[in-house]
Amino acid sequence: MKYFIQLLIVLFFSSFALVLKANVFDEIKKIPPEQRITKSQLIYDKQVRTKDSVFAFQSVFELIEMAKQLHDKSLECFAISMLADHHARTNGYSKATTQLHLDAIKMADENNLPIVLGICNFKIGRYYYSFLKYPLAFEHLLRANNIFKEIGYDKAPNDFLFYLANIYYSAGDIVKADSFFHACLRYKTHDRFVNMQANNSLAAIAKQKNQLDKALQFEQQTLAIAAANNDSTWIGLSNGFIGNFYFLLHDYTKAKTFLQKGYMSNCIHNEWSNAIICALNLAAINIVENNFSEADRYLQLSNQCFQHQNLMKDRKRKAEVMALYYERKGNTAAALQWHKKFVQLQDSMNSNAELQSFNNIQLRIETEKHLSEIGKLEADADKAKLKRNAIILILCLLMFISLLLYNRRRLKTKAENEIAKQREALLQSEKLVAETELKNAAIQLQNFTENLRNKNELIEQFTNEIEALKKSTSADLIQTERVEHFEKLLQSTILTDEDWDNFRQLFEKVHSGFFFHLKEKFPNLTLTETRMCSLIKLQLSNREMANMVGISIDAIKKSKQRLRKKISPENEEVEIENLIATI
291 MKYFIQLLIV LFFSSFALVL KANVFDEIKK IPPEQRITKS QLIYDKQVRT
341 KDSVFAFQSV FELIEMAKQL HDKSLECFAI SMLADHHART NGYSKATTQL
391 HLDAIKMADE NNLPIVLGIC NFKIGRYYYS FLKYPLAFEH LLRANNIFKE
441 IGYDKAPNDF LFYLANIYYS AGDIVKADSF FHACLRYKTH DRFVNMQANN
491 SLAAIAKQKN QLDKALQFEQ QTLAIAAANN DSTWIGLSNG FIGNFYFLLH
541 DYTKAKTFLQ KGYMSNCIHN EWSNAIICAL NLAAINIVEN NFSEADRYLQ
591 LSNQCFQHQN LMKDRKRKAE VMALYYERKG NTAAALQWHK KFVQLQDSMN
641 SNAELQSFNN IQLRIETEKH LSEIGKLEAD ADKAKLKRNA IILILCLLMF
691 ISLLLYNRRR LKTKAENEIA KQREALLQSE KLVAETELKN AAIQLQNFTE
741 NLRNKNELIE QFTNEIEALK KSTSADLIQT ERVEHFEKLL QSTILTDEDW
791 DNFRQLFEKV HSGFFFHLKE KFPNLTLTET RMCSLIKLQL SNREMANMVG
841 ISIDAIKKSK QRLRKKISPE NEEVEIENLI ATI
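Heads up: the sequence shown begins at 291 in this note's numbering, then just goes up one per residue.
Any given hint could be a false lead.
The list that follows gives simulated cross-link-like pairs (lysine-lysine, DSS-like), each with its CA atoms no further than 30 Å apart [stated by the list, open to error]:
(1) Lys630 with Lys497
(2) Lys341 with Lys445
(3) Lys439 with Lys504
(4) Lys704 with Lys631
Simulated from the structure, these hints should not be mistaken for lab results.
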């Protein structure tokens, strides 16, 4: 029932995803491409990572779409890898998460993006390591390391070298850990936490190598960074560590100063283990100096810290200090007893690590079993209440979802109706415009044809007058010049190329598709034959056509005969006018 309620809650919040619009990555559009990945990671860490899953996933999906719009393949690969990170955070280890990581790697490889390829391999390596898939983790982490080694570690994420160093340190490979921590410091990062941790880890490695002077230098650098950033927690830790190093170097004067600061600060920040070590080392210094009253005070302070945290390593250090305390006071029996306890604790820590781990697991299983039994009892007591609340929640969800779907359907229907109205109005407007244009074209074609007919009448008159002048017996110079002028005027009234172009445009508007279908059916027609077909389509007489094109009526008749044979050679009875009328 618990998981069912959780599922309903997820469904409830997911219904808002339809209207949720995350805008946290909008500023990415305004910055240069080379800065987008770093800025995206910063925004994700500060504004997305810790938010609810609906908002987080919506934000990352928005970043992916933004990358596509910007045609930024680097950002797109990185965003997919980021999506895989968040998927792992919410769903754990899964095939879907793994596939998202692999998709990002494939895209970066196909688009030849070495920096992003290195980042994506680093992310999937960290993902595998988190879920104890060590072979796969090291495969991808080493791949990323090879890429960044080639293109430069300054192109790698700030925590890449630090992460590799920590893995090797946890695995006990001090040599490689030392190398990567040093590399981390060589490539300066703006992440103060990484800088402090790297210096602190190098100090711990130097201590293991018994290089106390070097360890002290690294820890002093850690303190300087913490002080510059006013990080009170790390200031306290570093003071304690520096005091411990001075103590091991037997510089008790300096050790006291740092150990006292470290003790006070660690108590304030509940760093009890470090506070215990500081107090015990202060007690040891006062024992060596035979100042037993101060030693007793610090031993009492350590006992107070043990009430908050009681680790084996701290108990071992206490046994060592107590053995020294009783030895200096001359109580041999008590000193031997504490020394024996110290040896037992040390042996336990050295030889029983695996047994301790097993015991911890067993203890955790037993604790979880106990809590499960308690939870079952509580669940039985609240069963009726839980059912009632579940039913109410289901009804509320159903009502909300129904209302949401109804409202969405109503808005969709309204939008569709509005679009249909606009489309209908547009069609009516287009139809009206088309009808008006066709009507105007028909009128213009009619006027054009009428003008041609008037021109034909004028041509007829000129022709008759020329014939009359030629037949006149008078042959004086004036008569001859009049004949020449009439012939020139006759030529100017014949249908010109410009007239034909205007005529063709008007003709196409009225008889849309005539020339196209004519050419489609009879592709071998010449330009002159095409003109003849259009004049026939207008039902002009032979005389009118002859006057328009400037040839004789007999020539028109012969042109029609040739045209009919060309168009329909198998049917000589059909008139050319009837054939043209069907086109």
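Status of the hints after comparison with the structure:
Proposed proximity of Lys630 and Lys497 is supported: the alpha carbons are some 26 Å apart, at most 30 Å. The suggested pairing of Lys341 with Lys445 holds, with an alpha-carbon distance near 29 Å, which does not exceed 30 Å. For the proposed pair Lys439 and Lys504, the alpha carbon gap of about 27 Å is at most 30 Å, so the pair holds. Between Lys704 and Lys631, the direct Cα distance comes to roughly 84 Å. Violation of the 30 Å bound is thereby established for this hinted pair.
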